[in-house]
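Chemist: Residues per chain, in single letters:
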Amino acid sequence: AQKVTQAQTEISVVEKEDVTLDCVYETRDTTYYLFWYKQPPSGELVFLIRRNSFDEQNEISGRYSWNFQKSTSSFNFTITASQVVDSAVYFCAPSIGNEKLTFGTGTRLTIIP
Amino acid sequence: DTGVSQDPRHKITKRGQNVTFRCDPISEHNRLYWYRQTLGQGPEFLTYFQNEAQLEKSRLLSDRFSAERPKGSFSTLEIQRTEQGDSAMYLCASSPLTLMNTEAFFGQGTRLTVV
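Sequences listed follow chains A and B, in order.
Under our numbering, think of the first position of the first sequence as 1, with each following residue one higher.
Under our numbering, think of the first position of the second sequence as 1001, with each following residue one higher.
Isolated chain A, as found in the complex (with noise of 0.2 Å):
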């Protein structure tokens, strides 16, 4: 089985600021697959990433950016010089095969103008 913690529930900041948002898992499988999604208050869930465990190269893209670290079961998500439009919850959920994800509580992230 697998669990994940998101420990940060709202996060608020000023546009234009950095943000981080923590992810940390918990599986027995020396396989499996991390995802990040964000759900805007439309409600349709938005592919961000998918990370293969073998692979702890860090990801960059356009402002996101993305570091694993499997030592620590950790698969946090950075986004750089936030903007209202990032106002959004985000969930990680890793995933075993090509079966069922298994998402965290999220983290609301509010951006204020």
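Don't take each hint at face value.
Mimicking DSBU-like on lysine-lysine, the simulated pairs with C-alpha atoms at most 30 Å apart in a straight line are [claimed, not checked]:
id	chain 1	residue 1	chain 2	residue 2
1	B	Lys1057	B	Lys1014
2	A	Lys38	A	Lys16
3	B	Lys1011	A	Lys38
4	B	Lys1071	B	Lys1057
5	B	Lys1011	B	Lys1057
6	B	Lys1057	A	Lys3
7	A	Lys3	B	Lys1071
8	A	Lys3	A	Lys38
Quick caveat, the hints were computed from the structure, so don't treat them as lab data.
Since this is a predicted model, take the numbers as computed values, not measurements.
Once you've looked at the hints, dock chain B against the given chain A.
Modeler: Relative to the frame of chain A, chain B by itself:
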């Protein structure tokens, strides 16, 4: 739009009534998932199909719940004798069948309110 489509978007029903939701996945996606999301929580897995075969069901899926995916295309989720605790957002997602895990694409959900 060729994304995942769910119908209806909203449903209000009286306790004890039956409801059925429909999900149309992205064309040619073999895998289809149903999740349930209550207020302030992350989505919880309910069930999953590969083509027309239902491969896994969560313990959350009581015998009042049934899901089908005839012909491996669209899927329906039926809840019989609805209870107030069934009030939630029901999300459908689909993904292609690949050797490597790939992202699931989600629909906008069906929000169920049981009164």
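Chemist: Work down the list of hints and note, for each, if the structure agrees.
Modeler: Cross-check of the supplied hints:
1. Lys1057/B x Lys1014/B: Holds. Lysine 1057/B to lysine 1014/B sits at ~26 Å (cutoff 30 Å).
2. Lys38/A x Lys16/A: The given pair, whose Cα atoms are some 19 Å apart, holds under the 30 Å limit.
3. Lys1011/B x Lys38/A: Distance of about 24 Å is within 30 Å: holds.
4. Lys1071/B x Lys1057/B: OK: lysine 1071/B and lysine 1057/B at ~19 Å, within 30 Å.
5. Lys1011/B x Lys1057/B: Satisfied, since the Cα-Cα distance of roughly 23 Å is no more than 30 Å.
6. Lys1057/B x Lys3/A: Holds, because 18 Å separates the two Cα atoms, which is no more than 30 Å.
7. Lys3/A x Lys1071/B: At roughly 34 Å apart (the allowed maximum being 30 Å), lysine 1071/B and lysine 3/A break the hint.
8. Lys3/A x Lys38/A: Distance ~19 Å between lysine 3/A and lysine 38/A Cα, so the pair holds.
Comparing the model with each earlier hint shows a violation of hint 7 alone; every other hint is respected.
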